[in-house]
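Turn these sequences into a full structure, and let the hints guide you.
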Amino acid sequence: MKLHTIYKYQLLDHRNAVLIFCAVILAVMALVPIQVTFSNTLSTSYESTRITGIDMAPAVFLFICGLSAFKENFLFALQNGVSRKSLFVNRNYVAVTLAVVMALFSLLLLALGKLIESPASGIAYSGLLSMIYQSTGTASFSGLLEYLVSFLFLTVLFIAAQALGYLITVALYRMNKKLKISSIVGFYIVIFVVLPIIDMFLSGRISTILLSFLDVSMGISAHNPFIGMFSLIILSIIVSGFTWVLLKNAGVKN
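Going by our numbering, the final residue of the sequence shown carries number 254, and the count climbs one at a time with no gaps.
What you were told as hints is all true, and nothing was included just to trick you.
Using 16 Å as the maximum straight-line C-alpha spacing, the simulated EDC-like pairs for lysine to aspartate or glutamate come out as follows:
(1) 8 - 72
(2) 71 - 13
(3) 114 - 146
(4) 253 - 72
DEER-style ranges, computed between Cβ atoms:
(5) 214 - 187: 17 to 27 Å
(6) 212 - 16: 38 to 48 Å
(7) 15 - 186: 28 to 38 Å
(8) 24 - 205: 35 to 45 Å
(9) 230 - 251: 29 to 39 Å
(10) 251 - 30: 44 to 54 Å
(11) 174 - 205: 28 to 38 Å
The hints are simulated quantities; they were obtained by calculation from the structure and are not laboratory data. Since this is a predicted model, take the numbers as computed values, not measurements. Each residue gets a CB set at the ideal place from its N, CA and C atoms; glycine is no exception.
In structure tokens form, the structure reads like this:
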């Protein structure tokens, strides 16, 4: 089997899901002006509608794509003589392709948001880049620059989201049933029970440290998305490295 075949096979595996997702998001965007007009017609008071961070929906969607992208493709590749390395490399190509496509789709959403934005009707739209880095108005991204920086930032973000999802699914595949259940349950207990309790006894110090780390690593206070891009690239490289360690010795499981 030629290497480009496993690339196309993995890419086509996401085609229907991507088309349905994009159609749903576009339908939601199209319904916003209708909903606002209808609400204001029925209501005697003026109500404003702010659409923010809709770019995060593709990130969550691609994370889920990463979660569902391993087992069937892995078994198919081994059955057709494709090495684990080739599968992994081509999976990364697929991740980049999907990230670019969804980043372009997000730019389309940004353009549509600008079109439906209207002070008269109370509709205000802001993309993820604007929401994170321009909340105080100290940074200036507008016009073509806003689209370019948004494209770069979202592409890197979407690659990182897929890398995390893929790592999780490969790790779960390598575990036996008991370890898999223990890991999932343990994760939720630690994140949603243990850490909040410890944080409460420490007067919120853990939350403060985590938020400070996120702030610095993503360049939020510095209003610099390029710091965030660099951090996301490093995260993707580290996560992909762990994924390869788990994948290179993975065997066939029923």
